[in-house]
Amino acid sequence: MALLELCGITKSFGAVTAAQSLDLSIQPGEIHAILGENGAGKSTLMKIIYGVLQADAGTMSWDGQPLHIENPAQARAYGIGMVFQHFSLFETLTVAENVALSSGVSVARATTHIERSGARFGLEIPAAAKVHALSQGERQRVEIIRALMGDPKLIIMDEPTSVLAPTAIPGFFGIVRDLAAAGCAVLFISHKLSEIRTLCHTATVMRRGQIVATVDPTETSQADLARLMIGRDIPHPKRAVATVSDTPILKVTDVTVADDNPFGTTLKDVSLTVHGGEIVGIAGISGNGQQLLAHVLSGEIPLSPGQGDIVFDGRPVGRHGVAERRAAGLAYVPEDRQAQGSVPELSLTENALLTGHMAGLIQHGLIRRAAATAFSERCIDDMDVRCAGTGAEARSLSGGNLQKFIVGRELALTPRLLIAAQPTWGVDIGAAQAIHQKLVDLRQDGLGVLVISDELDDLLEISDRIHVMFRGQLSASIPRAEAREDVIGALMAGSFAEAVAAS
Amino acid sequence: MTETLTFLLSGTLLAGTPLLIAALGELVTEKSGILNLSVEGMMAVGAIFAFMVVTGGGSYWVALAAGGMAALVVAALFAVVVIFTLANQVAAGLAVGILGLGLAGLIGDPFEAQTVPPMPKLPIPGLAGLPVLGRGLFDHVPVVYLAPVLALATWLMLTRTRLGLLLRSAGENPDAANSIGINVRFVRFCATLYGGFCAGVAGGFISVVSATLWADGIIAGRGWIVVALVVFGTWRAGRIAIGAYLFGLATLSGLLVQTTGVAIPSQLLTSIPYIVTIVAIALLSMNPKLTWLNAPVSLGQPYLPTK
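Sequence order for the protein chains is A and B.
Here the first sequence is numbered in our numbering, starting from 1 and rising by one per residue.
Here the second sequence is numbered in our numbering, starting from 504 and rising by one per residue.
Chain A extracted, bound-state conformation (with noise of 0.2 Å):
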């Protein structure tokens, strides 16, 4: 008998369907795919099982038994765990008492759970840490063990593998065989095709709200499944030779920062230069102080007398703040495009105006309307942003389309240097491949680039060099050609730490 049945299961907001009569079936120990862009409807679909959201029609089943779930709390006492991609983290609490809140312990147990986890899954975390301090990918691990806490029958993970390293992702995956392996059926959520083919026993294929397909992903082709998820085929970027500029129009030197976070990483003698018609690629397992570098480039955290330098097209920048920099033409894509990259209440015009108020779109500090629109037109066109216009909200794109704004935004600029953090994080395909692609062109175009992700197969795609950032410090650059996946996962994993040490 099948775990958990949906039948008809329909959810609107306002004139969009977001879900539309999904028939859906999932066996114990199951590990069931289901797969679509950003915007087709997954998480729709997993917040109505997770009680979150209420369905308008439909019926869903648990065990053979009409199911109702009117919030979170009864899934979860039927058995419903769930790992969100957002993540549904207090920020001010402790991990423990994060874990603790959720599942009703004390805080002593939760420690003792968040321990044990972590030894067994490799989940491992500071029970005591704060969670604001943590990076995107140790807020899941907290969210993984905070599911795995009530001991669930349906765990239901969101996009799982995007903040994990590369080197993690086989451990993961053993986390998720164990699990099922135990009778415990796993929902996973992904837009990405080699490890839904590797992990998962069935994949049902989701397009604009609709199930388009249920497949056996091992027994369907990579190809054959991106074409069911976007309907085409999957574009590659298409590089040309570029010509590298002989002087380096970012140069950094020896940059020493500690973090005001008591958590945080800090950066150790990270030099590192980035010449015109490049992308420099910084790899490296997020929480590594990656977030930091990308601070102190961006002009967030200036440096101080004796924190090292930094060069930007010949002139000294380190004590420069963020206006002083995006003026000498360095622009930068942040890495949380809610939080940082826009303000998730104005509409895109307003956003344009954030950083392209230097575009000549002000005129004695007024705002020139037509000039705005215009602008934010142009970034919605060069990105091609899927919107309801220049006066949508920002916050009501999916992240993809948000993010290639941002972009379109940054170049609209016309800058001379790129810096652009988790460009891709959690974007689908579609929209990574279209920023793959911006990136690319730029570097034809003379720009230098410089990429912080934590997917190392987008920077295997795109960089002409790439670095690795492990505990604060930065290795040396591997070139293209020698910068295979296993040798960037030995650095990924401090192998070149451990030699400086030595030596």
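All the pointers check out, no bait thrown in.
Simulated crosslink set (BS3-like; lysine-lysine; CA at most 30 Å straight-line):
#1 A:K238 / A:K192
#2 A:K130 / A:K268
#3 A:K238 / A:K251
#4 A:K251 / A:K268
#5 A:K130 / B:K792
#6 B:K792 / A:K268
Please keep in mind that the hints were generated in silico from the structure rather than gathered at the bench.
Please read all numbers here as calculations on a predicted model, not as lab measurements.
Given the coordinates of chain A, work out where chain B should sit on it, guided by the hints.
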């Protein structure tokens, strides 16, 4: 000199106690994400109801409880308006506060300028006989001893208990709290009622214990100092306690200056405690990281669970 010191200690505790009680209630309310700006009005309502109970022959404890319950009813009105009908918390807080002040004045009109006998003191055996400190710190009504205990209990509750986690989660990220099965609106409702009760007890303390009389406007802006104490105390019980007693001390400084015979306008003297408190706690809270770590992120924002 020793007389002055005893007077300072004793007066500090007496003046600081109602502020501390009300501020600890407001702290709990704000931690759940509700900004209650009607503390002044709730204290006034508590003050008149407590005064009526004592005038009618009731005990002081019953009077304080009655003051608390009366303010709780006003808080319930505020809570329904902001939590269930999603009214703007600032506007609703001001409106309910003005309503409370007016209500207290109306009900209290027949009692204007009447007095009540002081609440019996409870000297702590052994300690009350100490020189200077004894009469300064250990010869008070029992409520004065209970206020620091309440501060400690509130701190423990917020940091060490599940109840504290529930409150903080509702105030920090109501959507996430809802997604893990916490009834955010219920938590916020209870926290608002509790805050109202504390404000009422504090108001009652002012009318029947420290002033022992009823006069319209007896709260005299102390409800606003309470709101300021919570913010400048960076939502931490210990700092709020320091701020409350500091205000108590500053209240006395005006009296002391008068005894020296220096001619200073009385309006300036009465404004000293307010100025001193604001300046001192502003200095105490200069560290932005403290605010960042302790402020309830969704304070003042209405919350409607998605369906």
